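Novice: Each chain, letter by letter, is given below.
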Amino acid sequence: MNNLWLVAQREITVHGRTKGFLVGLVVSAVLVAVVAFIPKFFSGPDSYTVGLVNSPGIQPAATSIAAAEEITLDFTDLPDERAARTAVEEGDVDVAVVDGSTILADGRVPGQLGAILQSAHRTAQAEERLREAGLDPARVTEAMNVPPLAEVSVNPADDNAALRVGAATLLVFVLFFLLMSSITTVAMGVVEEKGSRIVELLLTSIRPWQLLGGKILGLGLLGLINFVVVLAAGVAASAAAGTIDDLPPGIGGTIAGALGWFLLGYAFFATLAAGLGALVSRQEEVNSVLTPLTTLLLAAYLIAFSAVIDPGSTLARILSLVPPFSSMIMPVRMAGGQVPVWEVALGAFLMLLAVLVVLRVGAGIYQRAVLRTGARVRLGEVVRSASAGS
Amino acid sequence: MLEVLELRKRYGEKEALRGVSLTVRPGEIFGFVGANGAGKTTTMRILMGVLRADSGELRWNGRPLSFEDRRKFGYMPEERGLYQKMKVAEQIEYFGRLHGMSKSAAASATAELMERLGLTERRNDAVEALSLGNQQRVQLAVALVHEPSVLILDEPFSGLDPLAVDALADALIERCRAGVPVIFSSHQLDLVERLCDSVGIISAGRMVASGPVDEVRVKEGGRRLKVVVRDAVPGWADGLPGELTVTDDGRQVLVTEQGDPQAILSSAVRAGTVEHFGWEQPSLTEIFREAVA
Chain A
0 MNNLWLVAQR EITVHGRTKG FLVGLVVSAV LVAVVAFIPK FFSGPDSYTV GLVNSPGIQP
60 AATSIAAAEE ITLDFTDLPD ERAARTAVEE GDVDVAVVDG STILADGRVP GQLGAILQSA
120 HRTAQAEERL REAGLDPARV TEAMNVPPLA EVSVNPADDN AALRVGAATL LVFVLFFLLM
180 SSITTVAMGV VEEKGSRIVE LLLTSIRPWQ LLGGKILGLG LLGLINFVVV LAAGVAASAA
240 AGTIDDLPPG IGGTIAGALG WFLLGYAFFA TLAAGLGALV SRQEEVNSVL TPLTTLLLAA
300 YLIAFSAVID PGSTLARILS LVPPFSSMIM PVRMAGGQVP VWEVALGAFL MLLAVLVVLR
360 VGAGIYQRAV LRTGARVRLG EVVRSASAGS
Chain B
0 MLEVLELRKR YGEKEALRGV SLTVRPGEIF GFVGANGAGK TTTMRILMGV LRADSGELRW
60 NGRPLSFEDR RKFGYMPEER GLYQKMKVAE QIEYFGRLHG MSKSAAASAT AELMERLGLT
120 ERRNDAVEAL SLGNQQRVQL AVALVHEPSV LILDEPFSGL DPLAVDALAD ALIERCRAGV
180 PVIFSSHQLD LVERLCDSVG IISAGRMVAS GPVDEVRVKE GGRRLKVVVR DAVPGWADGL
240 PGELTVTDDG RQVLVTEQGD PQAILSSAVR AGTVEHFGWE QPSLTEIFRE AVA
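Same order as they appear, the protein sequences are chains A and B. With numbering that gives the first Met the number 0 as the guide, the letters of the first sequence map in order to residues 0 to 389. With numbering that gives the first Met the number 0 as the guide, the letters of the second sequence map in order to residues 0 to 292.
I should point out that these hints are in silico values taken from the structure, not numbers from a laboratory. Predicted, not measured: the structure shown is a model, and the values here were computed from it. Heads up, some of the hints might be wrong.
Here are the computed distance ranges between Cβ atoms for each label pair [to be verified]:
1) A:N286 with B:E77: 23 to 33 Å
2) B:R62 with A:A255: 49 to 59 Å
3) B:P161 with A:L355: 49 to 59 Å
In silico lysine-lysine, DSS-like type, Cα no more than 27 Å apart, as pairs [to be verified]:
4) B:K71 with B:K84
5) B:K84 with A:K18
6) A:K18 with B:K86
7) B:K102 with B:K84
8) B:K71 with B:K102
9) B:K86 with B:K71
Glycine residues also receive a C-beta, built at the ideal position from the N, C-alpha and C atoms.
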């Protein structure tokens, strides 16, 4: 066990300080942070400056409406229309309301702001006309103070459907990206040791399972660190962008679940990658020997992607139980909506079972192939020599 | 005492080892010589547990050799292997720890070895930045860091400059004096002759000669009589056994393993001026050539 941890430690220190890892970490964190800011970008700014020329009554009405929309308005009084035009042109104000009848803007009036000002204008005009008709100003104000319509969704699960889909999309992408890069790193590490023959030296002092297990553990921890950093960047950026309040409830559970599924998926794919990697002796051959595995991963990714769009489809439901697809599809289904507990439990159990089988098979291939340097070892030979009991 | 008994190993049709046996005692340096493909590397890899023999036995101090025994061995494989991107000191220390040393013991052994092998200044360089000779030194350090109980080195001298050869030879002698059995294979027979107490000659998977260097010389090479005669009359050695050669300056040299020495001497005296008459021991190179031929 001690040796296993020594090997893992080496992987973490040596790979953790490579440029590739650090750059990948920063790039993926920045990417996720940018994605987290996108909703804010599309929803436009949340504060405007409005110039007023001879338009009393707009300011109090607009302020209260804007507050309900979580938008801040600043008001500037301007002397006349000419001053208002100049202020709009020079960008000192976003728009200007002149004489309670015109909105001046540089181009189109921003949609949300236009709606707020139009509504405020109607309120202000109505109040004034009612007052002019001789009604008590206090009663007018009271009458005009109408509570907004309460918004209620008939389907509570789909409360935040768009956000959930967004989060799930991101999750699929991050899972795929991390799994792909981790398994390539594992296979390349195996080939590095085999190709340089250092494995011959290593295996005289430690057992093959310690070398294999340590490598998978160490690189897995690095992948986990990467995952956590990316998630933290996403959450931090969402908080900074002010969208964190909008995150679907239970997102914490979704993230924890995703971590668990990532680990299962990683154990499955990384062990097979190590076994396949042990068949070849040169780095150039890594990609071709990994092709069946990366194809499988890509298929899982594409299906998971379709599950983002329609989490309830039959294909998604079935494959979210079937290893190794479940490792990518189930977390997406869980992020995208409600999944019965028994389905999650069954999916996790089957995946765990698959991981155990793969650990045995992958480690067996690794052990038999890793010392056979030279030409690529055929999988069939390894399996045959296993059944022959050598 | 390290014993190899009747090892056999077959790769498909080819019989790589056909009953190889050898013994190395504590404090003994055993030189393992043989042509390429004779079975040296296969034997050493089986000793280190990298390969499995089809049959035969390995014993260490009278007991079957175990994985735990081997963890204390020091090994330099024929194909050198180091982590190219790892720093020198880090790497030596890592191997020390894999062999079961504590962190502090590995660190101090590493520092000491690097000092001795002249690597201290390169301690924080990646291995790939070193010259081949220096990489070889790191490889040696990796084999020595845990003060191994046995040293098994496959062609340790190949590719070394003369200074590094001396440094390595000193290191082997030092380990050997500490009571450690040392086995190394080499094509440089002069080195084997200089360093080794015992020698094993392997040919086509079979040990053709093995034992203390002097014994092997006598047993395998036998004694040979050499006579050098100046101004000899032609044909003087016609009736004598052995091989007659003529040097550039006209001296006649007779080398023979048979015949009556006294009779040969009197023939030589009659033929001319005898400059040399005596018994000779063949060099390892000659024995090797003969054994392998």
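Novice: For each hint, tell me whether it holds in the structure or not.
Specialist: How the hints compare with the structure:
Separated by about 29 Å at the C-beta atoms, A:N286 and B:E77 satisfy the suggested range of 23 to 33 Å. For the pair B:R62 and A:A255, the beta carbons lie near 52 Å from each other, so the given range of 49 to 59 Å is met. For the pair B:P161 and A:L355, the beta carbons lie near 56 Å from each other, so the given range of 49 to 59 Å is met. Between B:K71 and B:K84 the CA atoms are separated by roughly 26 Å; this keeps the pair inside 27 Å, and the hint holds.
Restraint check for B:K84 and A:K18: the C-alpha separation of about 12 Å stays at or below 27 Å, so the hint holds. Only pairs whose Cα atoms come within 27 Å are accepted, and A:K18 paired with B:K86 is accepted, the gap being roughly 16 Å. Between B:K102 and B:K84, the direct Cα distance comes to roughly 21 Å. Compliance with the 27 Å bound is thereby established for this hinted pair. Proposed proximity of B:K71 and B:K102 is supported: the alpha carbons are some 16 Å apart, at most 27 Å.
Straight-line distance between C-alpha atoms of B:K86 and B:K71 comes to about 23 Å, which keeps the hinted pair within the 27 Å bound.
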